[in-house]
Amino acid sequence: MDFTLNDEQMMFAETARTLFADSCSPDHWHRMMEADAAWDEARWAAIVDTGLTAMLLPESAGGLGLSEVDFALIAREAGYAALPEPLVESAGVAAPLLAALAPDHPALGDPMATIAIAHPLNPVVAHADRAAAILLEKDGEAFVATPDRVTLTPAPGIDPLRRLFRVDWDAADATALGGKNNGADWALALDRAALFNAAMGLGLAQRAVDLAVDYAKERQQFGKPIGSYQAVKHHLATAQVAIEFARPVVMAAAADIGRRDVHSRARVSHAKIVALEAADNAARASIQVHGAMGYSWEVDVHLFLKRALALSQSWGTPAFHRARIAERLFTQAAGPDQLFARDQKERETENA
Amino acid sequence: MNLSYTPEQQAFRAEVRDWLARHVPAEPLEHFDATRAGFEAHRQWENTLKSGDWGMVTWPVEYGGRGLDLIQWLIFEEEYYRAGAPGRVNQNGIFLLGPTLIEFGTHEQKQRFLPPMASGEEIWAQAWSEPQAGSDLAGVRATATRDGHDYILNGHKIWSSRAVFADWAFGLFRAPGSERHKGMSLIFFPLDAPGVTVNPIRKINGHVGFAEIFLENVRVPAFNRLGEEGQGWHICMATAGFERGLMLRSPARYQVAAAKLAALWQERKADADPMLEAEVIRAHMNAEAYALSIYQTASRLMAGAKIGPEASTNKIFWSELDIHLHRTALSILGPVAELLPPPGAQDWLDDYIFALAGPIYAGSNEIQRNIIAERMLGLPR
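The listed protein sequences correspond, in order, to chains A and B.
As numbered in our numbering, the first sequence has no gaps in its residue numbers, which increase by one up to the final residue, 397.
As numbered in our numbering, the second sequence has no gaps in its residue numbers, which increase by one up to the final residue, 1575.
Isolated chain A (complex conformation):
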């Protein structure tokens, strides 16, 4: 039983933090919004160079063969920077699924390529237009297509740093990759997507709090920084408490995601719900602390509000995830000795 991160994990997260701090700063956001852009090619090249897109790919596919714990730490940093590019969707969810189904697919051979993933629980797909391949789901089967073989309809959203599309497609125009028996593991894709969305939520939440803290130290009213008033302090302390009690759930969900049982699924769902609630609450507290400034486009807090709104509903609404927790709570033994429970039978079935 060890809940600590190792030095390599912390160093990798630190590398990502530095990369995003340098390449995805408020200045970068502002320039992109002025140019109506949602992609920065130089930044994406740096992300690829650093190896972040290869973390979850097996070593046999030229990847780093790292774990969901490692990648969750990177996803958190991506959230902290409100990263526009689909690092998490592509490298955290789609690429590992494609690598499992079609290891020789050309999209995996191009390190700069992104892979998009459409699913009933992810009905609007970010940056689908730039993807080298789009993974598609139909009745549990997996298909892959290039963007020119499907119909992409822009679905404009309120987040200025993401480009969203609806994807309409015909199975005749896509390549079938097989069903569940051939490894089309949509359950794992869903768990990874929900988990990494949760990890991004932790980053979104912390950035929203940090922005408000910086502002509350500077902004003076009644002759004092507003951050010295308890009403302001308590908003931000409450937001921080929510982060503190979402983080260990996210990390535990990441550590046990590979168990693939009713317990690990419930924990992923728990993480998804609370981390994005923390993000949403932190963003709203941050806007309140910023006052009218927080309601303006000029101050960046709105980016975090919008991203939290998007992520909290994609890859399973809170109701969807609550039902997965209910399945565990109401069908399995409950109590303190069940915190790290494993479903032995289910694992044996899956291994067989």
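Think of the hints as simulated: they come from the structure by calculation, not from any bench.
Incorrect hints may have been included.
Some, not all, of what chain A presents toward chain B, calculated at C-beta under 7 Å [as the list claims (entries may be wrong)]:
(1) Asp47
(2) Phe48
(3) Val114
(4) Gly272
(5) Pro293
(6) Asp301
(7) Ile370
(8) Glu372
(9) Gly380
(10) Pro381
All C-beta atoms in this analysis are idealised placements derived from N, C-alpha and C, irrespective of residue type, glycine included.
Chain A is fixed; fit chain B onto it per the hints.
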């Protein structure tokens, strides 16, 4: 990260479970704050625990413990609550003062006070607050006047849990003329010493829950001072860190309550508001989140870290989840929730009333939010 118990940890759990199955009283004991008989029954239980060396598993062996680590402590607590074992009447001693004594006490003090604490032979009350010093604890007025090898204590302490029946109390006393955080010492005194008067105070449920203590020229040896003279505030903050950070409310307490709430829901959902299911699930999530956080903290501490201001987040989280959980149970019970004696084996109503104290004691949640804002987030005072 590795969230699996080792074979040794699993064997330890089995050992605890087996011992508790053979020793936990079949019938619940009368509450330790209700009557002298209830209090003494709990003292007897502490003695039974000690007979199995389960008094305080994390303490060093030489002072009556087992020298176990924090993960083992969590496993012990999980089994303890799971078995429905009696409440720890000496929690002010074993969970709050004990760890502080181990950190700040001399060898002689540890030898004197820890073994009878672990066995329940001496049961402790806390004497933090005064009528004019609640959230502003640095405002204590009680004095300790040095007289040779002794101190003469004078003052008025209040809201002292367990003080009605306990044997000893610890509190902050200041050197006459000293101000605020300076000049305070943490001093122990027997509650039956000449000059000590204890008056019980009734809680909102009508039961005696705590007491006020008047001290009039109470003479205690300087041996009863923990740490250096004038260092009381520093030591007290360390105690408060343990209290809020880890030991006062072990997660198992809430995990057991959340499991019972889930059972209550399944039993009564046909007659209850369907929207309450989301609250039942929320209570379970809260209890698990608190447990995971404490496992994380335990791992960090075992790797050499110290408890910091994040301890304040724990206190807010458990106190709020406790109220939410019990309020949900009362909503499920509906119109019979208010009835006495309570319907069913579980006293959700009394546990709810107890939960309402959570945001007040051990430093009000308003103070905890100030600590988080100032020491974690760096906002100005």
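Structure-based check of all given hints:
For aspartate 47 of chain A, the suggested interface contact is upheld, since its CB lies about 5 Å from the closest CB of chain B, less than 7 Å. Given hint, phenylalanine 48 of chain A at the interface with chain B, holds; its Cβ is 4 Å from that chain's nearest Cβ, closer than 7 Å. Proximity of valine 114 of chain A to chain B holds as hinted, the smallest CB-CB distance being about 5 Å (cut-off 7 Å). The criterion of a C-beta within 7 Å of any C-beta in chain B is met by glycine 272 of chain A, whose closest approach is roughly 4 Å, and the hint holds.
Below 7 Å, beta-carbon pairs count as interface contacts, and proline 293 of chain A has one with chain B at about 4 Å; its hint therefore holds. For the restraint placing aspartate 301 of chain A at the interface with chain B, the shortest Cβ-Cβ distance is roughly 6 Å, inside the 7 Å limit, so the hint holds. The beta carbon of isoleucine 370 of chain A is positioned within 7 Å of a beta carbon in chain B (closest approach about 5 Å), and the interface hint is therefore held. For glutamate 372 of chain A, the suggested interface contact is broken, since its CB lies about 10 Å from the closest CB of chain B, more than 7 Å.
Here the hint on glycine 380 of chain A is kept, as its CB sits about 5 Å from the closest CB of chain B, short of 7 Å. For proline 381 of chain A, the shortest C-beta to C-beta distance to chain B is roughly 4 Å, which falls under 7 Å, so the interface hint holds.
Violation of the numbered hints given earlier is confined to hint 8; every other hint is satisfied by the structure.
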